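Residue numbers (the numbering used here), protein chains in the order written: chain A, 12 to 392; chain B, 12 to 392; chain C, 12 to 392; chain D, 12 to 392.
Any given hint might turn out to be false.
No copy is singled out in the list; a pair is fine if it fits within one copy or between any two copies.
Unchecked claim - Taking lysine-lysine pairs in the DSSO-like style, the calculated list, with each CA pair at most 30 Å apart, reads:
no. : residue 1 : residue 2
1   : Lys138    : Lys206
2   : Lys185    : Lys167
3   : Lys138    : Lys86
4   : Lys193    : Lys318
5   : Lys65     : Lys318
6   : Lys185    : Lys318
Keep in mind that the hints were calculated from the coordinates and are not lab data. Remember, it's a predicted structure, so these values are computed and weren't measured experimentally.
There are 4 protein chains.
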Amino acid sequence: MTERRKLRMGLVGGGPGAFIGPVHRIAAELDGRIELVAGAFSQSPERSREAGVKFGIDPARAYANYQEMIAAESKRTDGIDFIVITTPNHLHLPVALAALEAAIPVMSDKPATATYEEALALEAAVKKSGLPYGLTHTYAGYAMVREARAMCAAGKFGAIRKVAVEYFQGWLSKPLETTGHKQAAWRSDPARSGKGGAIGDIGTHAFHLLEYISGLEVTAINATLRTVVPGRRLDDDCNAFVRMNNGAEGTLACSQVAAGELNEMRMRIYGETGSLEWRQQDPNRLIVKWLDGPEEIHHAAAGYLSKDALAVARVPSGHPEGYLEAFAILYREFADALTAWKDGNRNPLPATLPGIVAGVRGMRFIERVIESNSREGWVEF
Amino acid sequence: MTERRKLRMGLVGGGPGAFIGPVHRIAAELDGRIELVAGAFSQSPERSREAGVKFGIDPARAYANYQEMIAAESKRTDGIDFIVITTPNHLHLPVALAALEAAIPVMSDKPATATYEEALALEAAVKKSGLPYGLTHTYAGYAMVREARAMCAAGKFGAIRKVAVEYFQGWLSKPLETTGHKQAAWRSDPARSGKGGAIGDIGTHAFHLLEYISGLEVTAINATLRTVVPGRRLDDDCNAFVRMNNGAEGTLACSQVAAGELNEMRMRIYGETGSLEWRQQDPNRLIVKWLDGPEEIHHAAAGYLSKDALAVARVPSGHPEGYLEAFAILYREFADALTAWKDGNRNPLPATLPGIVAGVRGMRFIERVIESNSREGWVEF
Amino acid sequence: MTERRKLRMGLVGGGPGAFIGPVHRIAAELDGRIELVAGAFSQSPERSREAGVKFGIDPARAYANYQEMIAAESKRTDGIDFIVITTPNHLHLPVALAALEAAIPVMSDKPATATYEEALALEAAVKKSGLPYGLTHTYAGYAMVREARAMCAAGKFGAIRKVAVEYFQGWLSKPLETTGHKQAAWRSDPARSGKGGAIGDIGTHAFHLLEYISGLEVTAINATLRTVVPGRRLDDDCNAFVRMNNGAEGTLACSQVAAGELNEMRMRIYGETGSLEWRQQDPNRLIVKWLDGPEEIHHAAAGYLSKDALAVARVPSGHPEGYLEAFAILYREFADALTAWKDGNRNPLPATLPGIVAGVRGMRFIERVIESNSREGWVEF
Amino acid sequence: MTERRKLRMGLVGGGPGAFIGPVHRIAAELDGRIELVAGAFSQSPERSREAGVKFGIDPARAYANYQEMIAAESKRTDGIDFIVITTPNHLHLPVALAALEAAIPVMSDKPATATYEEALALEAAVKKSGLPYGLTHTYAGYAMVREARAMCAAGKFGAIRKVAVEYFQGWLSKPLETTGHKQAAWRSDPARSGKGGAIGDIGTHAFHLLEYISGLEVTAINATLRTVVPGRRLDDDCNAFVRMNNGAEGTLACSQVAAGELNEMRMRIYGETGSLEWRQQDPNRLIVKWLDGPEEIHHAAAGYLSKDALAVARVPSGHPEGYLEAFAILYREFADALTAWKDGNRNPLPATLPGIVAGVRGMRFIERVIESNSREGWVEF
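Chain A extracted, bound-state conformation (with noise of 0.2 Å):
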């Protein structure tokens, strides 16, 4: 039995302030295939060392920017192995084009670009450079989402005949933006976070995860965008009809402004003898409800789960897992692609793994409801 090395990852983004960057950092970390080594934090190189001394790396590996990193790291022989990129989203795509330029493997924040258009542009350059690229709709790694995804796989409930699928914060229900809140104030400037605001930020991972759970597509949507805050440049409501390639419909609906709600995507959909439910919040049990017998809570870790489930379960039934655990399942599945990447497997990611195809989906949708909002009515997918 022979182990490899960690993998080096040098991360874009998560300088001082910034959230998602060491969520990254611990995820992608915590299962023991991946070590951080450096970085370009921020664009003040300043500020950049800075956040390398707090993340504990080689002074040196911190940067002043993604290029120099890239130059840098290519030419040391212990240099990075990937990218990750949690930047605003209007430098996902040079930075993505830059590192897969210079043949590095790319681990990505969604969405994966700021426009469909460049998600198409970076759907080709994917393709051509034949390198792994992975995104990180951290959803997808809960045990209980791959377990709803299993159960709808196989059929449990019938053929799928209704969605309903929410997505509701509370946090931007006043104009944070205006008082410095650097989160607030990328997401809702369209120069950074492209032309979707809640839908973007948190409808993209709506619709992924629906598509991800239910094995189904969405092939026709109705919209209807709102800004609800004065003064505001980007939608933060959004309601949606949506059609799914097997005939079902049902509702998707995002906002930022459902004052009181913390972070509550819930998804349920429902097939002719069944259903399930499952909450972001509540993430290690899954409601299933049947026709004909009791309600049931399938709790993550338990031995009556597929194995896709069990797969990803770190401790025993009982012992929640959560966001960062979630998180970092994606990570350990992009190590395990990139380590068969390396051994020669030219098609390493695993059907788990969001990438580029649900990268370029996310975007559709995006730019689709926007579309069918300025329509008010139907649109094809």
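Using the hints, position chains B, C and D against chain A.
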């Protein structure tokens, strides 16, 4: 102190196999203000008599049909004080008209009639008669619905921005109407149910409760209707966007093919600073969430509630009241109104008791949903 | 098909300020089998008459005291069929004895009497009279309590090994009895309540339900009693270990100083292969957990329930029934028994309806808890 | 700003089949302050090496036993900064003593030792050494446990009157120890587990958390122990009354034969004006109930929490943290303490991190429970 005699009630419907008739009997009598004394329980004279025996009334007052009941009771000195209509929808109008004609006040199951046109006719007749008319939108009788309504009226959440209403059942997931199931049969038969399937049966409840709690009115609607079960003759699933008269928007969904759901009526209303959530299946709790403080659970009959909510509590906090008790509140309010009316009050119905205006709006809702669905877009309400 | 007339009930207690009297009236009449026709509602003749008016009965039948009621009603051809006792505990025995003496069946609020010695005397009188005697341990009327009982009886969980029963309230956290609070005053007064405070008021419910659901009997108890609020004259908090007749053990706790709790009666029973949990504040659900399968929630009125549970359902699954409906089940069963008794059945009481045996055990429970507490150790039951 | 190098950790235990060893590795490294560099993972040299490969450490540092590890690491300039003990209980003391002897700080899984006498010996050795010693009572690391502790310390509920603690699992409902199940085998073997079965494995957690949250100390205990599964050699079920140093009383129950329960640790603490409830399986919520106001749910990472609770939050409110993150908080605090100790602070352990005092009390708890059980009554603590 003088207590009046119990008010005498005559029931139309409620024969063998009926669900809602016996419920009306229990609800009407629960607070000791009303007694069932007469009925036209079935269109079969024999079955009507049989039901009368079961209900424990004088056999002479178990009539073969409503016309006979109205005629006979009108001649008695101890005749009925009001009539209750619990038939399939297509009979609501003729029974109500006959009663009003005979100067008999009416308490009716919802929806008010089978079509919007009928509702307008009924509204005219009610107005002309000057008689009390009540509509049993049961959920309006729950204490915590009253509390939710009071909180909205008091502006506790600031301006309302967003609503999310759903009423999901699963019992029609199979074509029960083809199996001799009485409840399923008339509900899916346009001749008896009217133009609406699920939207008439339960959508009208959701619509009513939205306006009842929020204090707002729906001004536009964009709905998509489906008949999911092959061969069914009316809709069994509906998703809609709604726009309220203050600019708030949201979703209203109902379904009778949401396999595994029992009677999942859930109402969420989001304002600028907080939100509320109420579920019919957990009716003694009102969940209140704030932008800047802990989530709260308000319990029925607790001392901190509004006087509106406390007015309808019968037992101390922690002793659950349910569907029948909510139903009975409407009857208690109707009994009070009827008593006041007998005393000469020409406008005795309280704002908390749904009446003909709610009835007309409910039928308008059905009609507008169908219109929106056929146009595939928004329609004014 | 012949339906009998309604049974006539006379109520002792239930005057102004009473909580449980009106509850008995609603519960008794709810299923249309019983009507309140007479009462000795208060020890003040004037207040008794006032209550009579409020209850809508013939003023001549609102008596000044129970002796008068029994005497007068016994002479009427339309006299009461049974008497209901809802007084403070110290009157339970004399009222019951007087009724039995006059050949009037008895339905009594719990506990059966004020002391164990009284309970034995009452048991003797009941046996001697041969009359039906029922005891309103309300929670025994809930559908899901019936389901829990049926599951235990059917051995669904294998041998029962462990029980955990608790009944927590917080309303006596302050010395309410010193503030003129009527309910608090008599409950904490040994002259009216008997030897037990919280253990009599709610501990007896917990004890009864444990035996009722499990089908087992308590054979030994080790209890510790406290009076937490200074100056209070009876216990307000109790923790106990219990040993059952099959060797199972567990805890039984009750408190009226558990600040913040409303009416938290919760029962858990663990067997070899699974367990059940029922909470009075969420009464329409029974939680069932298995050693090797998903957790289940069984819903009231669902088709998969036992016939015992379905026998007491009035409305379809998803329509909550509550405290009053549970109470009414006991009255319905008492009405059936009384009818059978009038027809000559000398042993008409069903096993599901608590009676004098449960009453004696409940009083024995109070006596044994006090004995164990004073001995600071186990006592045989 | 200078960031120190990561602290180097050596692990004892954690070989193939172990549950808790890998958990310690993840938890220790999660916050980027610690790295696993050495281990004596198994008593089989070969399996130890195998585990070392799996953990990705230098093969030369996967030792055949702890003595060897301590000897070898002590000679390295880059030797381990501290040792982590995750063996069965009987090895806790010898490993700890050997480490302390070699001036190596210790982080130990609980319970501290196998017997109370051993704990006293360990306490003496820790004191004599002056070295940091931490004990991983994991649940102490949860944010909402910190919040609960802060609320009690701040007197939010007035004087504490009543406690109710339980820790129920069901996984030992069958004699797993006879089937080759490694976890079950050592836990039910007195030679490896010590005198306590369930009370040692999980009862000590419940006991610790009670004192940790309430800020009170147990002063007397009355416990009843059982071995429910025939043939088992240690207790698998325990019920106890506890008396606290302020006069509060309550129950502490633990079981590993509560069939159907996963890892149900639940803590309720009642004061004069309100109460709190925390469940390990729903760890991001703290339920707070008041005598005179709505029930509240306090959410992890919300702005209204105490600074103690916010100090341990890594992700925004609504993003669940779980068992591993709680565990990692203890390691983060230990890393801080170790760093401070290296800087000369002789008393660096924070009050929030369980240490040898908690370890001794835990072992005292086991010993007192056994004593109380044999005496069948109260014993002083």
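Check the structure against each numbered hint from earlier and tell me which ones fail, lowest number first. Result: no hint breaks.
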